[in-house]
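*Asks:* Chain residues, written in single-letter form:
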Amino acid sequence: MKPLLFFAVLLYSSVGVAQQTSDIQFDRTGKITSSLPERFGKEDKVIFRMSDSKESFENYLKNYKDRLRQAISTLTTLKDDKQKMKLLEVVYDIKGSDIDLVIAELKTLVDAPVGNDVVYMPRFKEADKNYIGFTLGNTAVAGAEVVAPNANTAPMAVKPFGPDAQINFSVTKKDPFKKLVMGWLQSTKDSYGGAIDLGPVQQVVAAIEKTAAEVGAFAGKVRPDIARFTEESVSGDENALIKKYTPLFNEILQQTGKFQGQVDALNKKLITTVALHDKKNWMLKWLWYQRNQLPALNPLGFSESIGAAPDTSMLEGIRTRLQVRETFLKSNLDKLKPAQIDSVLNVIDADKKKINEVQKAVKKFAENSSLNSKAATSFSTVSTDLYNGILYVEDKSNIYYWMRHHNAAANYQLMNTLETDEFLETDKVVILAHNLTPNERASLNLSFAAITNDASLLTDQLLPVIATLGSAILKTGGPGMVTLKQKAAEADKGLRRLVASLEELQDNTRYLDYLLQQSNPPLDIEERTEKSMAYHSEVTNPVKKEKGPRKATYYLNTVVLNAQGGDSVKLDKVPTDTFSYRINKLYRLFPMAGIAWVPQRLASVSQDSTGKFSINEEAAVKFVVGLKVYLRKTDIRSPKFITARGRDGEPLIWSRTSLTLAFDIKKPLDNIYTGVGLDLWPGFCVNFGGMFNKYNFKSYKNGQVFKENKQYRGAFYMGVSTDLTLFAELSKFLGF
Amino acid sequence: MKSITVYIILVACISLAACNKYDSFGGEASLTGYAFLKGAESEDVKTPMADQTIYLNTGNDTSTYVIATKTDKSGYFSFNFVCEDKAYIIFTRYLKDGTEYVGAKKIEGGEFSGDKVVRTTLEVSPSYLNGMYVQFTDTLGGLLPNLPVRIYRSKVAADVDSVKYAVYDTSTKTTGIIALYNINKGKYYFVGKDSIKGKALRVFDSVEVKDNEIARKTMQLK
Chain L
1 MKPLLFFAVL
11 LYSSVGVAQQ
21 TSDIQFDRTG
31 KITSSLPERF
41 GKEDKVIFRM
51 SDSKESFENY
61 LKNYKDRLRQ
71 AISTLTTLKD
81 DKQKMKLLEV
91 VYDIKGSDID
101 LVIAELKTLV
111 DAPVGNDVVY
121 MPRFKEADKN
131 YIGFTLGNTA
141 VAGAEVVAPN
151 ANTAPMAVKP
161 FGPDAQINFS
171 VTKKDPFKKL
181 VMGWLQSTKD
191 SYGGAIDLGP
201 VQQVVAAIEK
211 TAAEVGAFAG
221 KVRPDIARFT
231 EESVSGDENA
241 LIKKYTPLFN
251 EILQQTGKFQ
261 GQVDALNKKL
271 ITTVALHDKK
281 NWMLKWLWYQ
291 RNQLPALNPL
301 GFSESIGAAP
311 DTSMLEGIRT
321 RLQVRETFLK
331 SNLDKLKPAQ
341 IDSVLNVIDA
351 DKKKINEVQK
361 AVKKFAENSS
371 LNSKAATSFS
381 TVSTDLYNGI
391 LYVEDKSNIY
401 YWMRHHNAAA
411 NYQLMNTLET
421 DEFLETDKVV
431 ILAHNLTPNE
441 RASLNLSFAA
451 ITNDASLLTD
461 QLLPVIATLG
471 SAILKTGGPG
481 MVTLKQKAAE
491 ADKGLRRLVA
501 SLEELQDNTR
511 YLDYLLQQSN
521 PPLDIEERTE
531 KSMAYHSEVT
541 NPVKKEKGPR
551 KATYYLNTVV
561 LNAQGGDSVK
571 LDKVPTDTFS
581 YRINKLYRLF
591 PMAGIAWVPQ
601 RLASVSQDST
611 GKFSINEEAA
621 VKFVVGLKVY
631 LRKTDIRSPK
641 FITARGRDGE
651 PLIWSRTSLT
661 LAFDIKKPLD
671 NIYTGVGLDL
681 WPGFCVNFGG
691 MFNKYNFKSY
701 KNGQVFKENK
711 QYRGAFYMGV
721 STDLTLFAEL
731 SKFLGF
Chain F
737 MKSITVYIIL
747 VACISLAACN
757 KYDSFGGEAS
767 LTGYAFLKGA
777 ESEDVKTPMA
787 DQTIYLNTGN
797 DTSTYVIATK
807 TDKSGYFSFN
817 FVCEDKAYII
827 FTRYLKDGTE
837 YVGAKKIEGG
847 EFSGDKVVRT
857 TLEVSPSYLN
867 GMYVQFTDTL
877 GGLLPNLPVR
887 IYRSKVAADV
897 DSVKYAVYDT
907 STKTTGIIAL
917 YNINKGKYYF
927 VGKDSIKGKA
937 LRVFDSVEVK
947 DNEIARKTMQ
957 LK
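Residue numbers (this note's numbering), protein chains in the order written: chain L, 1 to 736; chain F, 737 to 958.
For reference, chain L alone in the conformation it holds in the complex:
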């Protein structure tokens, strides 16, 4: 009964393995800053958190409010700029009162930046405070949660999906302000109406250029006649003057009237062409976002495209011609006269200049295109993947995956919560490198810094890019005059009016100039997630079982992939530490040695040569050596006490319980010990059971041995044992 009670107590005292919940933390860049669990059980859970005092929604709120204040200042200044206000009125029908409405809303939002959108600008919502997204993938139940910085996610189950033990996690940061802007773009794009067409604008520009040229030529022609008439009329013969100048001034008046009609029509057409009153609402809704002194139709700082690439089709012809001329010049250098040589050289220089110009234009276009593309990417990149990680979980076949986490950002130091260096051969060890930058690296620092700052820099840089899209500024001019006195005065007046009209037309061309600098905003731009900047984890070793016992030694280095071709180079870093761990064998059989004590007296009666009887007792304590056969394979390296539970929650007692067979070291067959061994700790085994002592039983009769037989007798024994090596050393030490 007592053994049963003993086992019952052991079982009862065994405490189950609790479900573990691990806490994984990241900094604002996505780097893992916390230690990581060395193992996940199927029922374990994980909590994610971005824990960084510098990351806060308040930062975005402050920037947003600063932007609103800046907009108030800019719009206030704009409202006082009559020229710009005139332009806004002509083009968009925006008046000072409209600007006042926007400013009023801006002031409201500075005080209350969180709430529902207002008419002319968006506002942060309460939900925008949660912008750090954590996902857990390849799990039985996918986990995804968006929380605020420094806030925990709910515990997510890491139970793997299917047979795969690898699960993934990712951290994504959604920029609250960019999200705000993208959302505002989506909600306001209908107010933009149709895209503007710069074709009519350019037609007006062409017509103005043509008219200005004609007027210029006309004025240049008649201006000397008017001047000469003015000079001659002071002292000359009037009749002669009348006769001489009347036909001329009639023609001037007629021509001036004709030109005046053309200019007036052009001016009228210009005003009509530049009027984009349907864009008024759009403009008002984006005034808060603009940073230019003169609001642009496209406030985003980039366009869908920057137009057609420069025409390079003529380059081949020019190069051929250049080659022919250079060859001709070399071949005939001694035959040609200096003037002829200079002439050919001039042509060659002109060709080279042309080629150079085209090439510059092509290069400039490529640069502008790249800047535009980067700006668009920056704008649309609302979310940024900060980390794409890998973890391993105990799979369906109950294989343990031990993860050795190394921090690539800290010279590969271990990141494990517990630094277990010993694993079982039934386990799989996964050496994971975390905090690896994409492609290694140096490029991360460059691209990270560049892209992070690109948003504001590119916006500024794109302004001149857009400016290049503009056409040439029209410059025309010329005086006019009329009559013989009256006609001359009329001609002069008409010419002056024509000039004034031209000046007005010229002044109005700023609308054209403004419009030609505008582009349609990319209304259909889609929100994107930047995936190329995330830190990531890598599995560095083949994940498989290794036969134990073995000692593994390893170290890690960073390898950087070349951007060109993928050739790898090693980084010159501080040498990393060397790590090691053991693969432990699970034993079914294991030798033992120790001492056994038999509480029972095992007596033998003997008779000496004189016939004297004596009773001899077997020594109660004997040194024994033998073999343990464990009921379940055991890990002899486990430090746990027998009453504890194993990693699966199973009682350790079964793997610590062995059937033992041991023998007396001195007389192996005289004392045989069988029974049960309980490894309280591996290497410290309590043995008990039955022992078999061989003895010689004699029965006497009349002084003679009447009956004699050799046989085994059983007894209960208890003992302690350890492994052979320790026992041998102890024996040496104690001088046994």
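No lab work stands behind these hints: they were computed from the structure. Here the structure is a predicted model, which is why all the values come from computation and not from measurement. A few of these clues could be false.
With a straight-line Cα cutoff of 25 angstroms, these simulated BS3-like cross-link-like pairs (lysine-lysine) come out [as the list claims (entries may be wrong)]:
no., chain 1, residue 1, chain 2, residue 2
1, F, 832, L, 612
2, F, 757, L, 707
3, F, 842, L, 612
4, F, 842, L, 701
5, F, 841, L, 701
6, F, 757, L, 666
7, F, 822, L, 710
8, F, 842, L, 707
9, L, 612, F, 809
10, F, 757, L, 701
11, F, 933, F, 900
12, L, 544, L, 612
13, L, 84, L, 107
14, L, 633, L, 396
15, F, 809, L, 667
16, L, 612, F, 921
17, F, 757, L, 694
18, F, 806, L, 612
19, F, 832, L, 701
20, L, 707, F, 774
21, L, 280, L, 189
22, F, 809, F, 774
23, F, 757, L, 710
24, F, 757, L, 612
25, F, 841, L, 612
26, F, 900, F, 921
27, F, 822, L, 694
28, L, 701, F, 806
29, L, 707, F, 806
30, L, 701, F, 822
31, F, 774, F, 852
32, L, 707, F, 900
Given the coordinates of chain L, assemble chain F onto it according to the supplied hints.
*Replies:* Using the frame of chain L, we list chain F on its own:
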């Protein structure tokens, strides 16, 4: 299930422990005794049985023994390493002058005292197959020690009291008794005579001795 398996193994191991034939000799108790010799008759005086072997066996069997010891000069003996809860039998047996002396004493478990010692006595008596036990008295029934007596197998020889043919020419012991054991069966004739204050007294009688009994008789001197 596993615990049951282990338990069965344990029980099996422990049950094997019952097969020790020396299991009665592994105890911490001791058995000491005093062996004395006593004649066949109640009147016999107890005398210490010195230098005789005392045997010890388990159970009741006195045909064999496991261990033996010798009494000292005073008849004391001792067995150690006995178990207080076991049953033993101590016994002795020896031949002296053609007579077997035997004695046996059963020691039951539980007789041991607090100091784990059991003290006992072993009475050893001659073991006679047959014999005669004859008591001589005067007419008033008084015992007659030192009475010269001759014992004949022949009645004729007895009648003439021819000492030449006497089987035994002896005297009564201080108890007035002549006891003879392990003798041939048949009729034995007793002739005893003496004179007390000049008066001659005589007895002539016989005893029939059989194979397996001791004949008892009282003879009166007249």
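*Asks:* Confirm or reject each hint.
*Replies:* Checked hints:
no., hint, in the structure
1, F:832 - L:612, "holds (22 angstroms)"
2, F:757 - L:707, "holds (12 angstroms)"
3, F:842 - L:612, "holds (23 angstroms)"
4, F:842 - L:701, "holds (18 angstroms)"
5, F:841 - L:701, "holds (18 angstroms)"
6, F:757 - L:666, "holds (24 angstroms)"
7, F:822 - L:710, "holds (23 angstroms)"
8, F:842 - L:707, "holds (22 angstroms)"
9, L:612 - F:809, "holds (17 angstroms)"
10, F:757 - L:701, "holds (17 angstroms)"
11, F:933 - F:900, "violated (28 angstroms)"
12, L:544 - L:612, "violated (72 angstroms)"
13, L:84 - L:107, "holds (22 angstroms)"
14, L:633 - L:396, "holds (20 angstroms)"
15, F:809 - L:667, "violated (42 angstroms)"
16, L:612 - F:921, "violated (40 angstroms)"
17, F:757 - L:694, "holds (11 angstroms)"
18, F:806 - L:612, "holds (9 angstroms)"
19, F:832 - L:701, "holds (18 angstroms)"
20, L:707 - F:774, "violated (32 angstroms)"
21, L:280 - L:189, "holds (12 angstroms)"
22, F:809 - F:774, "holds (16 angstroms)"
23, F:757 - L:710, "holds (11 angstroms)"
24, F:757 - L:612, "holds (20 angstroms)"
25, F:841 - L:612, "holds (22 angstroms)"
26, F:900 - F:921, "holds (21 angstroms)"
27, F:822 - L:694, "holds (22 angstroms)"
28, L:701 - F:806, "holds (16 angstroms)"
29, L:707 - F:806, "holds (22 angstroms)"
30, L:701 - F:822, "holds (21 angstroms)"
31, F:774 - F:852, "violated (29 angstroms)"
32, L:707 - F:900, "violated (51 angstroms)"
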